[in-house]
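All chains should be built: construct the whole structure from the sequences, respecting the hints.
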Amino acid sequence: MATDVYIGGLGCVTALGKGVDSQLKRLKEGKGGLGKLTLFKTSHEATVGEVPFSNKMLAESLNLPPVKEYSRTTLLGLAAAAEALSDSGIQRDGLRIGFISATSVGGMDVSELFYGEYHKDKNRGKLRQLIGHDCGASTQFMCEQLGIGDFSTTINTACSSANNAIMLGARMIKAGMLDVVIAGGTDSLCRFTVNGFSSLGILDRELCRPFDRSRAGLNLGEGAGYLLLCSDRVKTSRRYGRVTGYANANDAFHQTASSSTGDGAYLAMKGALEMSGSDSGRIGYINVHGTGTQNNDASEGVAMKRLFGGSVPPFSSTKGFTGHTLGAAGGVESVFAVLSLYYGFIWPNLNFRNRIEEADVTPVTRCVKAGNLKAVMTNSFGFGGNCTSLVFESAKI
Amino acid sequence: MIRTNLYITGMAGITREEPDYKNYIPDAGLRRRMSRVIRMSVASALMALEDSGNGKIDAIVTGTGWGCLADTEKFLISILDNSERLLNPSSFIQSTSNTIGAQIALMLEDKHYNSTYVHGGSSFESALLDAALLVSEGKKRILAGGFDELTPTKSHLLERMGMWKKYIPGEGSHFFVLEGERGEHVHGKISALEIIPHVTDGEEILASLRRFLADTGTETSSAEIICGDHKLLKPLSEMGFNVKDYKQHCGEYPTASACALRQALMAFRDQKGPERVIIVSKYINDVSTFMLTERS
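Listed in order, the protein sequences are those of chains A and B.
Each residue of the first sequence is one higher than the last, beginning at 1 in our numbering.
Each residue of the second sequence is one higher than the last, beginning at 1 in our numbering.
Simulated from the structure, these hints should not be mistaken for lab results.
Honestly, I wouldn't trust all of these hints.
Each computed PhoX-like pair below joins lysine-lysine, with the alpha-carbon atoms no more than 25 Å apart [unchecked claim]:
#, chain 1, residue 1, chain 2, residue 2
1, A, Lys270, A, Lys174
2, A, Lys25, A, Lys41
3, A, Lys41, A, Lys126
4, B, Lys166, A, Lys122
5, B, Lys140, A, Lys126
6, A, Lys270, B, Lys139
7, B, Lys244, B, Lys234
8, B, Lys244, B, Lys166
9, A, Lys270, A, Lys25
10, A, Lys235, A, Lys174
11, B, Lys165, B, Lys154
12, A, Lys120, A, Lys41
13, B, Lys74, A, Lys120
14, A, Lys122, B, Lys74
15, B, Lys154, A, Lys174
16, A, Lys305, B, Lys111
17, B, Lys165, B, Lys231
18, B, Lys272, A, Lys270
19, B, Lys231, A, Lys68
20, B, Lys74, B, Lys154
21, B, Lys154, B, Lys231
22, A, Lys270, B, Lys111
23, A, Lys174, B, Lys139
24, B, Lys56, B, Lys22
25, A, Lys68, A, Lys41
26, B, Lys166, A, Lys126
27, B, Lys111, A, Lys126
28, A, Lys374, A, Lys25
29, B, Lys22, A, Lys270
30, B, Lys74, A, Lys41
31, A, Lys28, A, Lys396
32, B, Lys140, A, Lys122
33, A, Lys126, B, Lys154
34, B, Lys166, B, Lys154
35, A, Lys270, A, Lys126
36, B, Lys154, A, Lys120
37, A, Lys122, A, Lys235
38, A, Lys374, A, Lys235
39, B, Lys111, B, Lys140
40, A, Lys122, B, Lys154
Please read these numbers as outputs of a predicted model, since none were measured by experiment.
Set out below in structure tokens:
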């Protein structure tokens, strides 16, 4: 019989602060973390969700030697992954532990510095700045720091990456390959993505307004979020819930745009729901992808209507709190969804006023105490039509 | 070690010579917009599918160590040269590593499972591990591939790091159709896979390899080793194995093991060839991986 997959630890860093407690406090208060970009110089007037700590502060808090130049992606990831590990309180002896991390920018923040020099003169640029460029390099470094020795890999399916990392972790535990997996994602802000999303014309200079009729684009964010997943035989301080459903589907419509029928989103949500064995009425909350772009929210809204009909569960996008953390979004928002399930709250969708035109769906706009939540869902969709949904259920069977 | 039965019913690869892409990507505009790694990979994916008789697939899993470097660089240059103004988003869109898996899904209109691994020298093996899981979960046919493009800049940077004094520059794209059950036309099968999670060298890696050989019951008489870690060529041949350096053919790049897999399967075409081929891989200073392939 396939084993159940439990969530035994959480770790998170976002614009709301460092640590799960900071996230919980700000989510309850409905206080977002978006503001002006200060990390690097750019000509864009972007509203972003910056983690309020410098690289130096992050490295110090992780006891990393100050001589090396770490990518911000690595620092954010390590802070969150280490928190998930210590939060679980596991005794590592005899356990097969894996680390599955997602990232879409990798060490780009440092590579940009290199390339600025290299572009002027091909003999310039510090080569050591390139060591962390590849996405896998950040994972490998974090893995060594965490002392995880049984398995590690990195996933990049753009903005759905971290949900796929959590999905792979759950599958490996189910298959009996590992006992414990720390899975999630990390991405830092960098000039590359600020310019990229700007060139696509989907950055909102104002605060993003997910699922609102007047929405005009996304705000970029940064951060990291990891779940410590484990099999039934692993003892953890707490059991936040179980991973009972997951599905990955492809919209196969356009390299960046989502279909108006929301096929990918619909198939991912439907697949995850069916796998969990729950009927749709059991889902008490959906942390939607809800980026605040015209296209995503319309497509996702249509997909929710297709799946849930007249009884779409209470839902919200938390991107008004953190911005869109790209490859980390699935990790951060899985943490938020698990917190919702465990503490019994539905997080508010900030900056909402009027319903979108494309689908009859209205998000929850105030933090609501919801005792007895049995199951929650979280969605992450990315470039290339990659859509992945997860279902978490209460640990009490 | 992961035991599995992945039967290979289709394969194709592009290493040194590039084919006429028109046959696989007929849309001239699309072909032009694609960077070389996208063209190479999409074409080899379609060629592998063709080799297995086309038909439905249940998943696409890909691995790349370097990712879409050409588009990444193109967009970086445009940011610098145009002072962040009026940038063309095409290269940004195509800069993410999942572009290839996504492009294949688009062309095949395939809405199934689709994932991309970007873990340096074990990216392709991670994709294979996912394929092994998918098959154990009941999926029937999986398209899996590994690819990397050596752009002029990547080559120049590795040269500055002194790598080309020790390694042969390489690149390539290889795709395979993997099935959980033995079909009629089979090139061979992957029966075991090991990804050593730490960077190890010397005696330690040999010890891991000896364990892998013992656990899979591999003997020198019936097995050949194709090896992508030049430091191991001598000790392995001293162990009595027939050893070949597969990177003589494809050069050094993170997913060269995908090329090695194709070379192993080619060896099974020869009736007098080995019953088993062990693939030993390592990309520069990255982790080591082992694969057991068998005639089927």
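Self-check item: Violations among the numbered hints
Solution: Violated hints (numbers, rising): 2, 5, 9, 15, 18, 19, 27, 29, 32, 35 and 37; every other hint is consistent with the structure.
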